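J.: Protein chains in written order, with my numbering: chain V, 9 to 356; chain Z, 14 to 288; chain R, 155 to 453.
Keep in mind the hints are simulated off the structure, nothing from the lab.
Certain hints may be false.
Said to hold, decoys possible - So the derived label-pair ranges between C-beta atoms look like this:
1) Ser340/V - Phe216/R: 26 to 34 Å
2) Thr155/Z - Arg166/R: 24 to 32 Å
3) Leu250/Z - Gly109/V: 35 to 43 Å
4) His201/Z - Thr247/R: 49 to 57 Å
5) Phe216/R - Tyr43/Z: 38 to 46 Å
6) Phe216/R - Gln191/V: 26 to 34 Å
7) Gly308/R - Pro317/V: 43 to 51 Å
8) Ser438/R - Leu250/Z: 32 to 40 Å
9) Glu34/V - Glu182/Z: 51 to 59 Å
10) His201/Z - Met240/R: 55 to 63 Å
11) Arg367/R - Leu199/Z: 51 to 59 Å
12) Met307/R - Gly151/V: 27 to 35 Å
13) Ala435/R - Ser69/Z: 48 to 56 Å
As the list claims (entries may be wrong) - A partial selection of chain Z residues facing chain V, derived with a Cβ cut-off under 10 Å:
14) Ala81
15) Pro151
16) Leu152
17) Ala237
18) Ile248
19) Leu250
On a predicted model such as this, the values are computed, not experimentally measured, just so you know.
Glycine is no exception: its CB is placed at the ideal position from the N, C-alpha and C atoms.
What follows is each chain in one-letter form.
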Amino acid sequence: MFTNVKKKAGIIAAAALFSSATFAAEELNLYNWVDYTPDDLIAQFETETGIKVNLDTYDSNETLLAKLKSGATGYDIVVPSQNFVTIMISEGMLEKANIKGMSNYKNVDKRWQSPPWDPTQEYTIPYQMGTTSFSINMDGYDGPANSLKEFFEPNDSVSGKIQVFRTPDEVIPLALMYLGHEQCNENPKDMKEVQALLLKQKPHVKVYNSETMVANLASGEIMVSSQWDGYSMKTRLRDGVTQLKYVHPKEGIIGWFDSLVIPKGAPNKANAEKFMNFMMDAKNGASISNFNRYASPLDATAIAAFIDPELGKAPEINIDSSVPVHFSETCSGKSIKLYDRVWTKVLL
Amino acid sequence: MASNIGRSSSNTNKGRIPWLKWWACIFFVYLYGPIAVLIAFSFNDNRIAQVWTEFSTKWYVKAFSNEAIQNAIINSLIVAAVATVCATLFATMAALILSKGMFKGQTLCLGIISLPLLVPEIATAVATLSFFAAINFPLGLTSIIVAHIVFCIPFAFMPIRARLAGMDETLQEAGRDLYANDIKVLWHIVLPQLKPGIFAGGILAFIISIDDFIISLMVAGAGATTLPLYIYGMIRLGVSPEINAVSTVLFLVSLTLVATYWFISKKNEGSNYVH
Amino acid sequence: MEIKLPANPITRRWLGLSPALITIFIFMVLPIALLGVYSFKPADSYGGVEAGFSLDAWIQLFFDRDLDDTLIFDSIYLQIIWRSVMLAAIGTTLSFLVGFPVAWYIVQQPPERRDILLLLVTIPFWTNLLIRAYSWILILGKNGMIEQPLLAMGLIDDSLEMMYGNMAIGVGLVYSYIPLMILPIYASLEKIDFGLVEAAHDLYADRWAVIQRIVMPLCLPGIIAGCILVFVLSLGDFISPSILGGGKKMMLSNLIQFQFSSARNWPFGGALTMLLLMLVAFGSYFYIKASRKSAYLEK
Chain V
9 MFTNVKKKAG
19 IIAAAALFSS
29 ATFAAEELNL
39 YNWVDYTPDD
49 LIAQFETETG
59 IKVNLDTYDS
69 NETLLAKLKS
79 GATGYDIVVP
89 SQNFVTIMIS
99 EGMLEKANIK
109 GMSNYKNVDK
119 RWQSPPWDPT
129 QEYTIPYQMG
139 TTSFSINMDG
149 YDGPANSLKE
159 FFEPNDSVSG
169 KIQVFRTPDE
179 VIPLALMYLG
189 HEQCNENPKD
199 MKEVQALLLK
209 QKPHVKVYNS
219 ETMVANLASG
229 EIMVSSQWDG
239 YSMKTRLRDG
249 VTQLKYVHPK
259 EGIIGWFDSL
269 VIPKGAPNKA
279 NAEKFMNFMM
289 DAKNGASISN
299 FNRYASPLDA
309 TAIAAFIDPE
319 LGKAPEINID
329 SSVPVHFSET
339 CSGKSIKLYD
349 RVWTKVLL
Chain Z
14 MASNIGRSSS
24 NTNKGRIPWL
34 KWWACIFFVY
44 LYGPIAVLIA
54 FSFNDNRIAQ
64 VWTEFSTKWY
74 VKAFSNEAIQ
84 NAIINSLIVA
94 AVATVCATLF
104 ATMAALILSK
114 GMFKGQTLCL
124 GIISLPLLVP
134 EIATAVATLS
144 FFAAINFPLG
154 LTSIIVAHIV
164 FCIPFAFMPI
174 RARLAGMDET
184 LQEAGRDLYA
194 NDIKVLWHIV
204 LPQLKPGIFA
214 GGILAFIISI
224 DDFIISLMVA
234 GAGATTLPLY
244 IYGMIRLGVS
254 PEINAVSTVL
264 FLVSLTLVAT
274 YWFISKKNEG
284 SNYVH
Chain R
155 MEIKLPANPI
165 TRRWLGLSPA
175 LITIFIFMVL
185 PIALLGVYSF
195 KPADSYGGVE
205 AGFSLDAWIQ
215 LFFDRDLDDT
225 LIFDSIYLQI
235 IWRSVMLAAI
245 GTTLSFLVGF
255 PVAWYIVQQP
265 PERRDILLLL
275 VTIPFWTNLL
285 IRAYSWILIL
295 GKNGMIEQPL
305 LAMGLIDDSL
315 EMMYGNMAIG
325 VGLVYSYIPL
335 MILPIYASLE
345 KIDFGLVEAA
355 HDLYADRWAV
365 IQRIVMPLCL
375 PGIIAGCILV
385 FVLSLGDFIS
395 PSILGGGKKM
405 MLSNLIQFQF
415 SSARNWPFGG
425 ALTMLLLMLV
435 AFGSYFYIKA
445 SRKSAYLEK
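Just chain V, with the same shape it has in the complex:
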């Protein structure tokens, strides 16, 4: 019996040696949202460059910020949304890179070059852009599916079958929009109304989670869920929820823009820059959108040959001009604190 144990110890030691050998190779530590990184593109990057990519995942901008703030320094690329890019730049959490000098930078749509959150284009390259709203499984649903009312004050047919994102950054802006209050609100009176609305919604909610909605929609565990446009489309096409409708509420919809950035102290900065350039290649940029089903921030004519034509016609992405799109901005510390407190109360 002890020889068995010895053998096992031997195997483990061998595994340890083997893996320390692989540590010597070129690496890139990528920290991205769940289900947001196309596997085959990573494999292609690995074969082209010989750089091994380690992927870890997170569920929200807040989690990313918390992880970086608590000293997780090993990441080379992370993928925050625009309002968190601003925070990270002001907190000195990002490395500069020569982005304008990268060979594929020319592929970026002129509208998204030197964007407001990175006016000198020293920190970010664009990854994906989209909107935040909610989806309804129309199978058996009775309602117009055109208002945030159906999400915050749902009718009986879907009560108890609602999933809501777990992060204030994604839910409170929609609530403010529904109540007709301004975004980045610092007014406690308005925030009290938001809190009351969310608490009133809670009895109808089954799950607060930003990751399990695809599985829960697919199994029928939930019928209405917080969603992003591309993820909703992916659920409809890939996961067989054919009646899923991504709602463009008449009160408005939240727009977002995710970028690749290099956090301070990244151990493989040169590899991170290679990766950034790789992701701005027209064909690769198109594959990202083909996988994620979000709109590409690359120039439409450059990617035209590679992009799935279905994507341009998808109902999720094409928003009627009557629906106001509010681009989420970086709020003051005061309103962030208010948001967090409201949210903590709601989640209790």
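With chain V fixed as given, assemble chains Z and R onto it according to the hints.
T.: Relative to the frame of chain V, chains Z and R by itself:
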């Protein structure tokens, strides 16, 4: 775990209540039913995890050809191996001292060593995280290993101490009479006798480390995803037979180790293991 | 071999003890103390703490600064703590009701079979908690092992909605920790002289009286030990509420984790952790008292 309990077979056949047998049967079904379902559906061909179609091992092939899972397994093995070796070494040294006579502060030392058993995992996790942040200790595989060594020490310590308590001291005395110095007595007499205890302790430490989730979750950094963290990531995306396959393997690893531990400790007559 | 152990027994003692003690002291005692200090600091909006002193975190536990900054008494966090304590207590009670007869049954088996049964009770405890919680999704979830046959037989026509709620958390808690209830009870039952029980039967005591008068007092220390172990572990459990509870019902541990991840309020997280530790210390105190008593009874 309690393996030493005296075997008074006089208890048999006394105080018997007929429905107890059925109760116990139902209990074991409850205990193993979910695991059986988990294992059964890992061999299901269907992508929808809970609808049986036909037997297939494709999820195992798929899971273990997945590079991310391979990395996670390697990470888990490195963490568990290093943590086990360090924790077992430290625990053995401490047990050798603490088993010898009484001294002032002994209870305090015992208390400190068993502290990781008492503190809830979540408290350990967030405390360790804040501490690492405060001293600028980079989060990564090393931070996980350090955290694991801490909570593995008491698990390695218990069986070793129990073994020492039941050990026959006459051999050591004989050794000393033959003018062997202390280190020779330790090396040639004490350690060989202690071996089963050390193995048992090492196995416990290894199991605890390889299964740990919440502490690893909080102190993990870049490229340090261990197998339980990876499984958690998969569960967050919903039920899938691939999770069943990976879980089955992890279950079998734990099962083998527990069984090994059990048989080793059964040889440790006269010692007392609780847990 | 030229290495020599230090001759001085005191030096030798501290040399042997120091690796374990120093490791645990630096990476466990100090961090907990640090967290205690953090609970008296102002929070940094983006995670971590700022310099200075602040009682905000502790005030937040019992009072709520309303959004417009007026201080009102508020029991919402106390409610979470209460909910955690209640769920842990219910889980403990259920574990006892299920576990006690099982321990009783095992004691009556022949020694070899006892060993096997004890091993069977123990194995799940050493397997991954995540996996065990996940396996319950397969059982309780939509179209799970319970619903599927009932739906097929037409006994129900809609989902039973068993996932995501207090019931699912309770099932998860009992399942996770019941071995820790059975083992100590078994250990104390094992020492009972069943001759006493026989004697009582001979004296025409009914079965209930036997259990109440003879068995219970003798195995009480084991029961107390089991209950406290299960209670303390349930109280700090993170996995059952987060996987089976759907994030809608937080328990203390989820609330703590939340403060250190997305809510980024470390001082408040620190205060909550201190509170949890106090509850556990309280429980452990009774545990030690109970085990002392049982040791006394053995003499």
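J.: Work down the list of hints and note, for each, if the structure agrees.
T.: How the hints compare with the structure:
no. : hint                            : verdict
1   : Ser340/V - Phe216/R: 26 to 34 Å : holds (28 Å)
2   : Thr155/Z - Arg166/R: 24 to 32 Å : holds (31 Å)
3   : Leu250/Z - Gly109/V: 35 to 43 Å : holds (38 Å)
4   : His201/Z - Thr247/R: 49 to 57 Å : holds (53 Å)
5   : Phe216/R - Tyr43/Z: 38 to 46 Å  : holds (40 Å)
6   : Phe216/R - Gln191/V: 26 to 34 Å : holds (33 Å)
7   : Gly308/R - Pro317/V: 43 to 51 Å : holds (46 Å)
8   : Ser438/R - Leu250/Z: 32 to 40 Å : holds (38 Å)
9   : Glu34/V - Glu182/Z: 51 to 59 Å  : holds (57 Å)
10  : His201/Z - Met240/R: 55 to 63 Å : holds (57 Å)
11  : Arg367/R - Leu199/Z: 51 to 59 Å : holds (52 Å)
12  : Met307/R - Gly151/V: 27 to 35 Å : holds (33 Å)
13  : Ala435/R - Ser69/Z: 48 to 56 Å  : holds (51 Å)
14  : Ala81                           : holds (6 Å)
15  : Pro151                          : holds (5 Å)
16  : Leu152                          : holds (4 Å)
17  : Ala237                          : holds (8 Å)
18  : Ile248                          : holds (9 Å)
19  : Leu250                          : holds (6 Å)
The earlier numbered hints are all upheld by this structure, with none contradicted.
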